[in-house]
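Take each chain as given, in its own frame, and dock them per the hints.
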Amino acid sequence: MADPTPDYAENAPRRRFEREDQSIDWIAAERSPEFRELIARKRRFVVPATIFFLGWYLGFIALAGYAPDFMGESIYQGFTVGYALALSQFVMTWVLGWMYVRRADDEFDSLAERAAARAIEVGRSGDGQPTAGGTTGPAGTTTTEHEGVTRR
Amino acid sequence: MSVFAEINTTALPIFGVILAVTLGVTYWASKRTTGTTSFWAANRGITGAQNGFAIAGDYMSAASFLGIAGLIFLFGFDGFLYSVGFLVAFLTVLFLLAERMRNAGKFTIADVLSFRLKERPARVAAALGTLAVVGFYLIAQMVGAGVIIQALVGIDFSLAVILTGACMLMYVVFGGMLATTWVQIIKAALLMTGALVMTLFVLERVGWNPVSLFNDAAANHPEKDAYLSPGLNFTNPIDTISLGLALVLGTAGLPHILMRFFTVPDAKAARTSVLWAMGLIGAFYLMTTALGFGARAILGQGGVEAAGKGGNLAAPNLAQELGGGAGTAGGDIFLAFIAAVAFATILAVVAGLVISASGAVAHDVWSNVIRKGRSTDREEVWVGRLAALAIGAVAIAIALIGGAGLNVAFMVGLAFAVAASATFPALLLALTWRRFNTTGAVTGVLFGVVSAIGLIILSPTVWPGPDSEGSPFGLTNPGIISIPLGFIGCWLGTMLSREEVAERTFDELYVRSETGLGAERALPERVRRPVRGAAATAVLPK
Chain X
1 MADPTPDYAE NAPRRRFERE DQSIDWIAAE RSPEFRELIA RKRRFVVPAT IFFLGWYLGF
61 IALAGYAPDF MGESIYQGFT VGYALALSQF VMTWVLGWMY VRRADDEFDS LAERAAARAI
121 EVGRSGDGQP TAGGTTGPAG TTTTEHEGVT RR
Chain C
153 MSVFAEINTT ALPIFGVILA VTLGVTYWAS KRTTGTTSFW AANRGITGAQ NGFAIAGDYM
213 SAASFLGIAG LIFLFGFDGF LYSVGFLVAF LTVLFLLAER MRNAGKFTIA DVLSFRLKER
273 PARVAAALGT LAVVGFYLIA QMVGAGVIIQ ALVGIDFSLA VILTGACMLM YVVFGGMLAT
333 TWVQIIKAAL LMTGALVMTL FVLERVGWNP VSLFNDAAAN HPEKDAYLSP GLNFTNPIDT
393 ISLGLALVLG TAGLPHILMR FFTVPDAKAA RTSVLWAMGL IGAFYLMTTA LGFGARAILG
453 QGGVEAAGKG GNLAAPNLAQ ELGGGAGTAG GDIFLAFIAA VAFATILAVV AGLVISASGA
513 VAHDVWSNVI RKGRSTDREE VWVGRLAALA IGAVAIAIAL IGGAGLNVAF MVGLAFAVAA
573 SATFPALLLA LTWRRFNTTG AVTGVLFGVV SAIGLIILSP TVWPGPDSEG SPFGLTNPGI
633 ISIPLGFIGC WLGTMLSREE VAERTFDELY VRSETGLGAE RALPERVRRP VRGAAATAVL
693 PK
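Chains as they are written, first to last, in the numbering used here: chain X, 1 to 152; chain C, 153 to 694.
Keep in mind the hints are simulated off the structure, nothing from the lab.
Source: prediction; values computed, not measured.
Please note: incorrect hints may appear among the correct ones.
EDC-like, lysine to aspartate or glutamate: derived pairs with alpha carbons at most 16 Å apart [to be verified]:
id, chain 1, residue 1, chain 2, residue 2
1, C, Lys420, X, Glu113
2, C, Lys420, X, Glu107
3, X, Lys42, X, Asp105
4, C, Lys420, X, Asp106
5, C, Lys270, C, Glu652
6, C, Lys376, X, Asp69
7, C, Lys270, C, Glu655
8, C, Lys420, X, Asp109
9, C, Lys376, X, Glu73
10, X, Lys42, X, Asp109
11, X, Lys42, X, Glu113
12, C, Lys420, X, Asp105
13, X, Lys42, X, Asp106
To list a few chain C residues with every Cβ distance to chain X over 10 Å, as calculated [to be verified]:
id, residue
14, Thr161
15, Asn372
16, Ala478
17, Pro612
18, Pro624
Cβ coordinates follow ideal geometry from the N, Cα and C atoms, glycine included.
In isolation and in its complexed conformation, chain C is listed as follows (with noise of 0.2 Å):
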């Protein structure tokens, strides 16, 4: 068949092996996935240092692997720009959001919102910020897959679309968040580890000296030493400080993120997990610079054209290059081994994805909205499953439909912007301004994710044609503009209307927030057995 044509069987093996990997752990957790808590919290059993790494695999798309590795063989010092925000995010996580989301919250982010504002309107507004962020992103990352994985192994990209798509759905139903979270940790692991070799292997053409891997990589460049400066890529100062914006305070704000505190046992591991994922994240971020490096340095300019657009390619060929080049055992191995990492990091990002969205439709939309809270445990999981089932068909779909020419990055920096500018403020006040309100909350969400997205579509990446001359807004990036009117809206909301049990119920999320009184307990493994909602209900000493 033509479509197995060009195929790299040295890739299939290990991708086998991880699939087989991946899968075993989903077994093994679907033994143990039983009620709520346990498909969407993992039982809270997850500790501080596991719940890290899973972070990192959550956080570390293949737009992070691949997408900042490639921006900075192309651009050098505005590639970086990316790594940072990225990385000093978490300080906004770790400060405002990991622990009093641990205390406050039970499985999605609309836990937190509803406490003290009500219950429906909260949550259809945290369900409808949860599900533009995580649509934008997981269309990207479906579509970034594709191109991945048909570049790297041969495979078709419909092919390697559903491909990803059916193990993403596979992990997330039968597994639920023990699943997901196990083949998170997995992929940090392949990742760190990949990444490390790359690194060692491309210090070592330079004589471990740092310093003269810079000097090669700007001597390579046509720009030469403006390629360690500033100004390549971002040429308009307000748009590069509106993504660093978006950046540093979009992940506070994104849903599967987030959702990952709740896995945990109480705010002790939860902050202990983002000083772990910082860790991580931090020292893979900084060896993406010595891949981008590398790749400049031993590539050269001859290296841009097959590193594709963005440069996606450039660390996979990067690492052909460091085995021995094309055609020899050992670079076909190394490539091999780079794309299974890549198709690993892919899997593990999607499935924390689809299962915050699903959180969102089947624990807040169904149970708390449809049902009024008149579901039983077991019914909530099951539409759980049904509402991945259908999020992950409709992912695939749209990344079918809107195949390979689908703009990754702008995709990516729209989750964010819509993140940082919706579900963001809505979060932070609702935990620390005593006369915020349902309205403000709806307003806020609305603000948000309405200029987020309009914007963009102003913007030069989408208007009047793709990266073209003559839109109406002229920054690629709408953070500066939506994360304020965000706020405002929130601010706008809560001034035209009072409520006064939103006001009371403050002091109530306040002190839960802060102290972890009545926190979400982990259970006990004589517990994780199915219970029936209302008889659990029942059998409570009053």
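Just chain X, with the same shape it has in the complex (with noise of 0.2 Å):
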């Protein structure tokens, strides 16, 4: 069994899955509490951002087909509501894309980095038994599995 070194990803091989197919669990990684936080924490926020940007943009696209008289309407000496929500949408784009850039920075890479040493602690702990609750079958047999699956 390879003994996993932090910088195990450093020699950049070609044939990448192997070792590291050998030394962790996926299966305990992505039951590991640190992961399903990760999931978590990154969901609350993307989800919702999506559902609002997909429902701003194609509300205001939907008003551009529908309601033309409306985003006709003048708000200030000729300005359109159309343009002002035009322009809403590009003060969305830049406002949810740093908000979710300084999230991601600030929470999920430290998050993210727990998850990714659990899931290495896992493997060498648990060095083909099971580990970390849960896990459907015996660790030593998913190994096995996944070398079935190597691929290039």
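Quick look at the structure:
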């Protein structure tokens, strides 16, 4: 069994999957509380943000299609509702993009690092034994199966 | 020679400078292009900010610069709808794909699919999607290049296409992704500068008051105030929504854009690069409004005929007018500068397209499907170079045969529709849906490609003749039908088969794509020299 050192990916192997497949129990890693927390926190931002931006954008397009008169109403000296809404799309894109990147820098990255550290930890301590609650099959079985699907 | 009869002599030195600089960059890059990681991914050493510029340079085609300014000039608000969709699309890229692609992929979108799916069918499906998208996009750009350069510089259409194709192939074949990246960065800087200078000139004309620009523009349009509201170009609401969907989801399926995320060191740089790209692209599209409205306010209805089909020449004509008008030195220089910017714009986009297509052919089809992973690093790069030459030659040939009459806007629309319907659903589902499998990916890509292309053929744009009545499918934009069909294809294929390996390897792909565990690293400077594939693997400590 490989001894995974923290810089295991340093060598950037062409066939990169082989070594890690043997050392990391991916099913246990996916179920680790650290990984679940990363996913939950990310979803809490990305899902509402995606629904919001798709809704705001498609709503704008639908208004352009179905309510041209409303979009053509002047707000200020000929500057129309349609243009105000179009500009709001630009502001929305920049603000949501900036919010996401800030959240990812402050929050998601450290959670991802913890989840990754946990996955390596599980692989090392487990060494073929089931670890981190609730794995369906023994990790050893998983390792063999992964070897069976080693890819290029 | 008659071909050179009306050549714009002011433009030639500026073109020459652009060619000299980009070919110099290519020479520099060729010294640093050794193995596959440098050829396809620029050693993964591009910074977030640099990649943001490169994405902007890869994305904003001549269709954006001249086409959208022209559409705004002709139709006002409806032209601006494109700008909005092209920008908002980057939220889809940022939230759903950018970091995951960087973490899980290597050189092509097929790497991500084949991670958990059966290697050969998954790669063939992904390569099919890539080539379909890139093919339409590339031919559209080549034809656009020929038309625009012919109009602006006075070089014959065929010669312009061949010149563009030759430059594109030199960047890609000799300089790989590194040269492509820097050509895109230079182009983005030029394009932003050109748009900014023109915008400032336009604003100066209206006393620095944007609102009076709106009013002057509307006053100069026969429809008056309707110019500032929707409906001059799009009359069918369903068609408008269909176009909007294809724009906002299609960008996240464009192989040449997604490929850019493999050139940065890590996921953090990938997302930073999207933010930079959003800033640049957003600012640019705001400026296209100033250009389109400026052209309307300054050139007026009289400028419509000179702007040509689709209004493509509205921006260059505006530049000439802002510089002092036709025949003046200022007008000539400004026109020549904008022509050069358009030329650089086209070069950067086509280079990005060709390198992503050559990745699909060499890395996916040749190395992993035909040679089943037994090819060496060096072999893959050489096949990549040959593939680029072949793809470039085919694109040049089709552009020459199809000629200036090919409808450019329709082919770009088709590229976005295929991307949104075929590559985007398969990628998204491979990364997020545990049950997804190989059959689903293959049927999804097939459904997406066939329905998008099929519906376009049956649409009023093509059937029974160009822009004619009586077509079987009433919409110009197929997205609203073909995107759901792409997802349904993925779902249907998945449900009709069971693939345990795909479900089990989902955990691995999921953890890798979200955490960056085991992601491909940037090559340190000392390693950036040729590596013989097999030997490199053999020396790894086991």
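How the hints compare with the structure:
Restraint check for C/Lys420 and X/Glu113: the C-alpha separation of about 12 Å stays at or below 16 Å, so the hint holds. Pair hint C/Lys420 plus X/Glu107 holds up; C-alpha atoms about 12 Å apart against a cutoff of 16 Å. A hinted pair counts as satisfied when its Cα atoms are at most 16 Å apart, and X/Lys42 with X/Asp105 qualifies at roughly 12 Å. As the CA atoms of C/Lys420 and X/Asp106 are separated by approximately 11 Å, the hinted pair is consistent with the 16 Å bound.
For the hint pairing C/Lys270 with C/Glu652, the CA-to-CA distance comes to about 11 Å; that is within 16 Å, so the pair holds. Only pairs whose Cα atoms come within 16 Å are accepted, and C/Lys376 paired with X/Asp69 is accepted, the gap being roughly 14 Å. About 12 Å separates the Cα atoms of C/Lys270 and C/Glu655, which keeps this hinted pair within 16 Å; it holds. Between C/Lys420 and X/Asp109 the alpha-carbon distance is near 8 Å, which keeps this suggested pair within the 16 Å criterion.
Only pairs whose Cα atoms come within 16 Å are accepted, and C/Lys376 paired with X/Glu73 is accepted, the gap being roughly 13 Å. Note on X/Lys42 and X/Asp109: the hinted pairing holds, with a Cα-Cα distance of about 10 Å set against a maximum of 16 Å. For the proposed pair X/Lys42 and X/Glu113, the alpha carbon gap of about 14 Å is at most 16 Å, so the pair holds. A C-alpha spacing of about 8 Å is found between C/Lys420 and X/Asp105, which places the hinted pair at or below 16 Å, so the restraint holds.
For the suggested pair X/Lys42 and X/Asp106, the alpha carbons sit about 12 Å apart, so the restraint of at most 16 Å is met. Annotated as non-interface, C/Thr161 keeps its C-beta farther than 10 Å from every C-beta of chain X; the closest such distance is 40 Å. No Cβ of chain X comes within 10 Å of the Cβ of C/Asn372; the nearest lies about 13 Å off, and the non-interface call holds. Every CB of chain X lies more than 10 Å from the CB of C/Ala478, the least distance being 30 Å, so the non-interface label holds.
C/Pro612, annotated as away from the interface, keeps every beta carbon of chain X farther than 10 Å; the closest lies near 17 Å. Every CB of chain X is more than 10 Å from the CB of C/Pro624 (nearest about 22 Å), matching its label as outside the interface.
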